[in-house]
Every structure is written in structure tokens, then in C-alpha cells.
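Student: Numbering (my numbering), first residue to last: -19 to 277.
Treat the hints as calculated values from the structure; they're not laboratory data. Computed from a predicted model, the values in this text were never measured in an experiment. Please note that a few of the clues may not be correct.
As the list claims (entries may be wrong) - Under the rule of at most 27 Å between Cα atoms (straight-line distance), these lysine-lysine pairs were calculated in the DSS-like manner:
| id | residue 1 | residue 2 |
| --- | --- | --- |
| 1 | 18 | 60 |
| 2 | 62 | 85 |
| 3 | 36 | 60 |
| 4 | 36 | 62 |
| 5 | -3 | 13 |
| 6 | 60 | 32 |
| 7 | 114 | 85 |
| 8 | 215 | 257 |
| 9 | 35 | 60 |
| 10 | 35 | 13 |
| 11 | 179 | 222 |
| 12 | 17 | 36 |
| 13 | 32 | 114 |
| 14 | 85 | 18 |
| 15 | 257 | 222 |
| 16 | 178 | 222 |
| 17 | 85 | 60 |
| 18 | 36 | 18 |
| 19 | -3 | 60 |
| 20 | -3 | 32 |
| 21 | 13 | 179 |
| 22 | 35 | -3 |
| 23 | 114 | 178 |
| 24 | 35 | 18 |
| 25 | 62 | 114 |
| 26 | 36 | 85 |
| 27 | 85 | 178 |
| 28 | 222 | 114 |
| 29 | 32 | 17 |
| 30 | 35 | 17 |
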Amino acid sequence: MLPLMIMLCLCLSFAQKLYVVERERGTLAVIEKDELKKEIGGLGDLNHATVKFLKKRAYVISRDGYLSMIDTSTDRLLRKVKVGESTIGLTFCGDKVAVANYSPKTVLLLSSELSILHRFETGSRNVGIKSYGKLLVFSLMDRDEVWVVDCEDLSIVERFERVGDMPFDALLSGNSYVVGFFGESAVGLLNLDTMTYKKVRFRKSAEEIVLKIPHFGLWGVLGDTAYIPAVGERKIHIVSLKDFSYIGSLELPGLPVFAAVSPNGRFLAVNYSGDMKDYLSLIDVRSLHLVEIRKLG
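All chains, full assembly: derive it from the sequences and hints.
Tutor: So, in C-alpha cells, the structure goes:
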């Protein structure tokens, strides 16, 4: 049962360790060889927390705007700084740390030691922060824009306006920045090599729109294929990330929430809401057969 439960956790691995966000406790649990070794506290409100790794450091962003740096060799909190009041995202751009805020309406670049280097005033809640080479890309939820900035000289490279109705999340697939919208069933595609933008919809035919876009953090991605939990339906949609064509769907016993691909790429784990909220399904990615349903709660 433990391997299945770990796939459901918001957990990040570093070497032979697992770092698991304990949201209700506000701590980061350190697990080695299936044993709890330590709990790191004082990190802020860890609802919707993000943990990422750079060299021998773990960086944790809390919902209430604290950015913490942890030494992964000693699992000791090294530094904690306030970067916002409501913070939604974290990424790295070279050796810099980038943070997206809801409030204040800013995107920050910091050194790896958490000194603030630059503050971009956007006039919007900011989401979907990603990096591509020396470029930092993020979406402005309240202004329907995507900005591309240079992490080295801190200049704004491009501003794309009227990209779609209320961008809310994004992912990076190759050289494409893919952004989803609250207000429409479409995704925007920004080619970061050519700086060209277009919008596409997943369709089976010219008339039929196949799916609404859930948060990208709920998707399972393996290579160029995305496994997308259906919104309000008992199925997983399968989409090509090469050309964003619709491949098909897989029927499920419940309403899916998260889809996660196993580290070896063989299985897709899916959990549920509603009447199946205590269950986890395991799907063979090659055959797309449901191989196991297990009650965990």
C-alpha cells in the first residue's frame, strides 16, 4: 500500500529521501527508507505549497508568502524570507529563484541565497511561472497577458496581450509554454524560440469541443502524452503534447482529481472525489487497462 499512497502525496524526492508536505501541520516531513526521520516546521501556510530543488538546497514557497531555503544534507532550515502576502508559484531561472505573487501584484527574482534582485510590477495576480533557458515566462490572470522576461539583464522581452479569458495555469512542453484559461475551453501555445502565439481547442470534430482544462498540476505527463482528468466526468482524456491533437479517453469508476505517472513510466495513478474519494486506481500506460483499484482511506 505504501508505494500507492506515496504517489498521492504532495512529495518531492531528492537522492534517497522523500520530502512530503504535511499541509495541516504546516511541516515538511523527511522520509528515508520508509521511515520518518524529521519534520521541518516554521515554513508558513503550506496549503498549495511548492517545493523545488536546486543543487543541495530545497526551496519551499508557502501560500502566505514565505520562501524558505533548506539544506538537503542536514535538513536544516537555513533562511526564510517574506516575498509576498499571497504567493502561488516558484521556479528557477539559471541560478536565480523566481516567485509569482497574487498579492502584491508582483513577480520577484531572488538570488539562490534569497536576496531580492528585481521586482516586476504587473498590476495583476500572477500564475503559471516557468523558465526556459535564460527566459522567465508567466501569465497575468487579471490582464489576460503573458510576459517573457530575461533573467540575466532583467528586461521584458515580450508582452503578449489578449491571450485568452483569464489565464490560470501553465506548463512547459519542449519549447512551448502552454497556458489554460478559466473563461474558455482552450489552451494558448507560446513558442519560446520564435516568440509566436496561437490558441487551440481540443476537438474530436470541427464542432465538438472535447474537454475543459483543469489545473495542469492535476495532469499526468509521460513524454509527449498528457493524461488529463475530466472535469465532472468519470474519465481521463489523452492528448498529444506534440500537436495538441485528441488521442482518446479512458473510462474510470469515479470522478478523477489527480493523475500521476509512476517514476518508471509504466503506470498512471488516479485518485477521486465524491463517492470514490477513498480509492486509488492504477492504470497500465501501455495497454490503458485498469489493473488495480484500492481503498486507501
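Student: Confirm or reject each hint.
Tutor: To see whether the hints hold, each was checked on the structure:
no.	hint	in the structure
1	18 x 60	holds, 18 Å
2	62 x 85	holds, 14 Å
3	36 x 60	holds, 16 Å
4	36 x 62	holds, 22 Å
5	-3 x 13	holds, 8 Å
6	60 x 32	holds, 15 Å
7	114 x 85	holds, 23 Å
8	215 x 257	holds, 15 Å
9	35 x 60	holds, 18 Å
10	35 x 13	holds, 22 Å
11	179 x 222	holds, 14 Å
12	17 x 36	holds, 18 Å
13	32 x 114	holds, 18 Å
14	85 x 18	violated, 35 Å
15	257 x 222	violated, 33 Å
16	178 x 222	holds, 14 Å
17	85 x 60	holds, 21 Å
18	36 x 18	holds, 17 Å
19	-3 x 60	holds, 22 Å
20	-3 x 32	holds, 14 Å
21	13 x 179	violated, 46 Å
22	35 x -3	holds, 15 Å
23	114 x 178	holds, 22 Å
24	35 x 18	holds, 21 Å
25	62 x 114	holds, 25 Å
26	36 x 85	violated, 30 Å
27	85 x 178	holds, 26 Å
28	222 x 114	holds, 23 Å
29	32 x 17	holds, 20 Å
30	35 x 17	holds, 21 Å
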